[in-house]
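In our numbering, the protein residues as written are 1 to 274.
Simulated from the structure, these hints should not be mistaken for laboratory data. Please read all numbers here as calculations on a predicted model, not as lab measurements. Don't be surprised by glycine CBs; every beta carbon is placed ideally from N, CA and C. Watch out, some of these pointers could steer you wrong.
[To be verified] Below are the EDC-like pairs computed for lysine to aspartate or glutamate, each with C-alpha atoms no more than 20 Å apart in a straight line:
id, residue 1, residue 2
1, K80, E106
2, K120, E9
3, K251, E236
4, K120, E11
5, K57, E23
6, K80, E123
7, K57, D86
[As the list claims (entries may be wrong)] Pair by pair, the computed Cβ-Cβ distance ranges are:
id, residue 1, residue 2, range
8, L168, P72, 35 to 45 Å
9, L168, N235, 16 to 26 Å
10, L252, H29, 21 to 31 Å
11, R75, I129, 38 to 48 Å
12, M74, N38, 38 to 48 Å
13, I129, T259, 15 to 25 Å
14, Y87, S227, 26 to 36 Å
15, M74, E137, 32 to 42 Å
16, D131, I73, 33 to 43 Å
17, R82, N38, 24 to 34 Å
18, K80, E228, 38 to 48 Å
19, S227, A162, 13 to 23 Å
20, S227, R82, 44 to 54 Å
21, E9, E84, 32 to 42 Å
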Amino acid sequence: MKREPTYLESEILYQVLELLYREIDELIHELAPEGWNNSPYHFPFELIEGEREALYKTYDTVACAYERRFGPIMRQYISKSRYEIDYMTRTGSNHNYSAELVYLIEHGVIQLSGSGLFFKPNEATMQYIIDPFDVEEQSYILGMDIDLANTVDPCVLRITAARSDVLLYIDLSAIYARILQAFGALGYDWRYRDVELEDLWVESELIARFSNLKSRHSHDSYLDILSEVLTERQNELPPDEVIGYLSVYEKLPVGYPPTLEDLQRISLGLDGST
Numbered sequence: 001m002k003r004e005p006t007y008l009e010s011e012i013l014y015q016v017l018e019l020l021y022r023e024i025d026e027l028i029h030e031l032a033p034e035g036w037n038n039s040p041y042h043f044p045f046e047l048i049e050g051e052r053e054a055l056y057k058t059y060d061t062v063a064c065a066y067e068r069r070f071g072p073i074m075r076q077y078i079s080k081s082r083y084e085i086d087y088m089t090r091t092g093s094n095h096n097y098s099a100e101l102v103y104l105i106e107h108g109v110i111q112l113s114g115s116g117l118f119f120k121p122n123e124a125t126m127q128y129i130i131d132p133f134d135v136e137e138q139s140y141i142l143g144m145d146i147d148l149a150n151t152v153d154p155c156v157l158r159i160t161a162a163r164s165d166v167l168l169y170i171d172l173s174a175i176y177a178r179i180l181q182a183f184g185a186l187g188y189d190w191r192y193r194d195v196e197l198e199d200l201w202v203e204s205e206l207i208a209r210f211s212n213l214k215s216r217h218s219h220d221s222y223l224d225i226l227s228e229v230l231t232e233r234q235n236e237l238p239p240d241e242v243i244g245y246l247s248v249y250e251k252l253p254v255g256y257p258p259t260l261e262d263l264q265r266i267s268l269g270l271d272g273s274t
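Could you build the full structure based on these sequences and the hints that come with them?
So, in structure tokens, the structure goes:
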């Protein structure tokens, strides 16, 4: 049975976030029993010695390279960049740990949507993705409604690209677990998907279909690459999203580990969640 991904309704997203935000203080203690300030969850928001100066140097280097070739660059390039750098590298959130956790929850919801699909077992035709902008909007609206304005204001926390990237390498499985529990409370399950593998499969199928056209890559070479990536996925540790799911449901989510058969079903638009 075919499933068409669609955006999750804003009202449902609001309810999911509400389940989490109303327990924000309890979640902080649960996730970091030895103190939030001592946990890896706080690290992306800490003042990091030398970071500001390193970022200054990056912009200075670019400005110098431009000026050597084309002459003086507008002063705003340096002044505006330094203002932004100062803002993003100031002393974290001034111990507003709730704001930090809200940031991580928003990040977690977006990551779960990017690495999987939400679905309701009793809705055989629908799977859901989440609009990142809707996450920020519903988070802000909810914060106004439950008196967390200083926590959900998007201006409270803005972090550098390096700090944002480090979130992909910090163990956030416990946060994913709580998010999945909140979705589960509203009757939503989650399945894993690997977009890179899906793209490789589609490319291999296109090449097979139009094999009469000249191409640098044969169908077999794409299948070889696909097989290699599949083997890598099956041999590596599960991603944090899957570990979070496993801790909640004590089983692996649908779609993990990915298989060639599952990719084929997805490409045909068949239901892969039952």
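Structure-based check of all given hints:
no. : hint                    : verdict
1   : K80 - E106              : violated, 27 Å
2   : K120 - E9               : holds, 13 Å
3   : K251 - E236             : holds, 17 Å
4   : K120 - E11              : holds, 15 Å
5   : K57 - E23               : violated, 42 Å
6   : K80 - E123              : violated, 50 Å
7   : K57 - D86               : holds, 13 Å
8   : L168 - P72: 35 to 45 Å  : holds, 38 Å
9   : L168 - N235: 16 to 26 Å : holds, 20 Å
10  : L252 - H29: 21 to 31 Å  : holds, 29 Å
11  : R75 - I129: 38 to 48 Å  : holds, 43 Å
12  : M74 - N38: 38 to 48 Å   : holds, 44 Å
13  : I129 - T259: 15 to 25 Å : holds, 22 Å
14  : Y87 - S227: 26 to 36 Å  : violated, 47 Å
15  : M74 - E137: 32 to 42 Å  : holds, 34 Å
16  : D131 - I73: 33 to 43 Å  : holds, 37 Å
17  : R82 - N38: 24 to 34 Å   : holds, 31 Å
18  : K80 - E228: 38 to 48 Å  : holds, 45 Å
19  : S227 - A162: 13 to 23 Å : violated, 34 Å
20  : S227 - R82: 44 to 54 Å  : holds, 49 Å
21  : E9 - E84: 32 to 42 Å    : holds, 35 Å
Against the hints set out earlier in the document, violations occur for numbers 1, 5, 6, 14, 19.
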